[in-house]
Amino acid sequence: MKTNNSIHLNDEEILSAVIDTGDLDTKKRVHLSACPACQERKSAVEAPFVRMGDLASRYTPRPAGSPSIVQRQPGRNIFGMGFRLRPMLAAAIGILLMVTWIGWQSGDRRRNAGSLDSAQLQKIDDAALMAEVDALIDGALPEAYRYIAWDPEPRFTDDFIQFVAPLPEDDSLSLDSKQRGEGLWQTSV
Amino acid sequence: MAINTDHPGPGELPFDVHVRDAARGVQGAFDTIVETFYADIFKMIYYRTQSRPDAEDIAQEVFLSVFQNLSKLKSPERFRGWLFQIAVNKVKDYYRKKRWLKIFQKMPERVNPDAPESEQFQQPDAEKRLQEADFWNIFNRIVKTLSTMEKEVFMLKFLDHLSIREIAQALDRSESTVKTCLYRAIKKFQKEPALLRLFEEAWT
Numbered sequence: 001m002k003t004n005n006s007i008h009l010n011d012e013e014i015l016s017a018v019i020d021t022g023d024l025d026t027k028k029r030v031h032l033s034a035c036p037a038c039q040e041r042k043s044a045v046e047a048p049f050v051r052m053g054d055l056a057s058r059y060t061p062r063p064a065g066s067p068s069i070v071q072r073q074p075g076r077n078i079f080g081m082g083f084r085l086r087p088m089l090a091a092a093i094g095i096l097l098m099v100t101w102i103g104w105q106s107g108d109r110r111r112n113a114g115s116l117d118s119a120q121l122q123k124i125d126d127a128a129l130m131a132e133v134d135a136l137i138d139g140a141l142p143e144a145y146r147y148i149a150w151d152p153e154p155r156f157t158d159d160f161i162q163f164v165a166p167l168p169e170d171d172s173l174s175l176d177s178k179q180r181g182e183g184l185w186q187t188s189v
Numbered sequence: 001m002a003i004n005t006d007h008p009g010p011g012e013l014p015f016d017v018h019v020r021d022a023a024r025g026v027q028g029a030f031d032t033i034v035e036t037f038y039a040d041i042f043k044m045i046y047y048r049t050q051s052r053p054d055a056e057d058i059a060q061e062v063f064l065s066v067f068q069n070l071s072k073l074k075s076p077e078r079f080r081g082w083l084f085q086i087a088v089n090k091v092k093d094y095y096r097k098k099r100w101l102k103i104f105q106k107m108p109e110r111v112n113p114d115a116p117e118s119e120q121f122q123q124p125d126a127e128k129r130l131q132e133a134d135f136w137n138i139f140n141r142i143v144k145t146l147s148t149m150e151k152e153v154f155m156l157k158f159l160d161h162l163s164i165r166e167i168a169q170a171l172d173r174s175e176s177t178v179k180t181c182l183y184r185a186i187k188k189f190q191k192e193p194a195l196l197r198l199f200e201e202a203w204t
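Chains as they are written, first to last, in my numbering: chain A, 1 to 189; chain B, 1 to 204.
Isolated chain B (complex conformation) (with noise of 0.2 Å):
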């Protein structure tokens, strides 16, 4: 079962209840975190990582390490921060331990599962998975021209939906400093126009 965890319906719950009693242990109510929130976290960090199987290994990691830290949170109402702050932090620590393996031993030959070579792209869905590989494409050239802290914020407002104080929460930064990037990567787009126009001409 979803919940609306701005607006409860009638019959259901405020949110930080859930939150409450699954930090006090209460049955299910863990679960109904789970359910709530897996979906917005595994693709908050597809989009970072873009691999299923890594995506599927950190969000796992993050409702852990929420489960274990949960009774530490202080504030239930601000839980949504808390947790994309968990989730930011283990695609931070995914990508350094990815540089330390680089440096310390030769990685296997990986099959990449959304390389257009890859076999997937000879099944039926294939048309569907080249163009999925080729906004992923796009997507990473758009972004690439903001600093990271700009890619951060803007992927955080406008493709996971999070408000500027849970950014800033997640981020671990002053609200201003995140209307700052957010000001300054919008600021970057409409000085390239050509840039959101190569996307607009690949998807209109």
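Here chain A stands alone, though its shape is the one from the complex (with noise of 0.2 Å):
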């Protein structure tokens, strides 16, 4: 057949027939197969790649026999390390058994909880709230004032202190009732 050298196939058109020949055009194909300039450009791309074909067929091992799905080991598995299921299985099912049961006793712990009624609760809260505030009664003042407190001792009696400090009369004079007003109201009345 007759070639025709301006439609040889270029770089691109060479590499597009190494990875598939379908791609090219009719007329290109046609041209290829005809065309031993072509045909050479194309063997010389597609050779290094084949020789590594070929080679790398070479360089593989036969195996060892053909395969038999009958005789097929079972529980063999394909990489020989000591790899078995089983025991894999047996772990994962022990891991799931322990994940279940702290699930378990934690939704009990919340479960206890969430069974007290709301008065027992609130009852909780003031005995707690209560402690607090005698425990403020008790240390009010901060540790370097609290030589200035009064410390009742017992030889100190109420006759004593009223010896020492008299209760007045009539509380509404006292001077906090003068200034409130209270005692001239009480008088009026």
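Among the clues, some could well be false.
What the hints assert, rightly or not - Pulled a few chain A residues facing chain B out of the computed Cβ check, cut under 10 Å:
no.	residue
1	E40
2	V45
3	M52
To be verified - To list a few chain B residues with every Cβ distance to chain A over 12 Å, as calculated:
no.	residue
4	R24
5	K72
6	E77
Think of the hints as simulated: they come from the structure by calculation, not from any bench.
Predicted, not measured: the structure shown is a model, and the values here were computed from it.
Glycine residues also receive a C-beta, built at the ideal position from the N, C-alpha and C atoms.
Using the hints, put the two chains back together into the complex; each one sits in its own frame.
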């Protein structure tokens, strides 16, 4: 067949032909099949890869034997590294049980906390608050000023205190009461 | 008896018939399939694992899977692509499991039969084995420059001799994606001629 040099395949078309000859249009395909120059260029691109494939095949050992589906050993794994399915499965089940137990326990605790009614909870809160208030009363002053606080001693009896600081006869006439005007109001009544 | 799957000779059945027969459970049909494709599948797996025992075991897994699922194959004429698809997936599983094992357990020290210091290199065919080891070292260095997809497409095309349609089926990608990957792979090699020269110098 007569070939036309003007329609020689360019580099991209040669590459296309290497990948898939079907990608070339009919005219180019016909040219390629007839043009030794283009065929040679295509072969030059392909050659190292084809050779690589041939060598890969040559340097692949032969398998020990053909497979036998029937005689396949159950449980045999493809790694031969001591990996066995059963111990892994047992470990997984163990972990699952432990996680379930921990979840159950925490759920139980939450359920117990929820079973106290609100009155009981209020009582607990009140008791805690009162304990806090008592602690504040007992130690109202900072440590440095505690010494000025009145310290009831058994020898300071009521009589002794009455003697040292007698209570006024009429409390309504005390300075505080006068300032508030309470004494005047009481007098008028 | 090996059968030419592309062009059956006189007296030979087209391969689809064997696939249909095997799917229907006809005695001997599955054996024919195994005999025809076992070597190709073993090689395909060996190219990716470079370990004979692993390749044998995975090939066995592939044919077991074929045996179990052959009845689900709708188009027997697409058997070859389907078979390689199973093989590709089994190899992926192998690497996935291997990664998990690395995380969860310390791998026992394994004697690598392909290592140059291995005992087999002291045997009479030691020279051949050394050549083998050299070849795979260089091969790995060359394909390392490709992305995973480019590498897979390149190997299926030039090492496993699959058509573009079969590669697309095996990788579950469109034909145009496969062609693009192959185009990129070849372009990379053309841009880095030193890589191929390394290979040529060693084996010419």
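Verification of the supplied hints:
1. E40: 17 Å, violated
2. V45: 7 Å, holds
3. M52: Constraint on M52 (chain A) satisfied, holds at 6 Å.
4. R24: 17 Å, holds
5. K72: 17 Å, holds
6. E77: Since the minimum Cβ distance to chain A is about 18 Å, E77 (chain B) lies beyond 12 Å and the statement holds.
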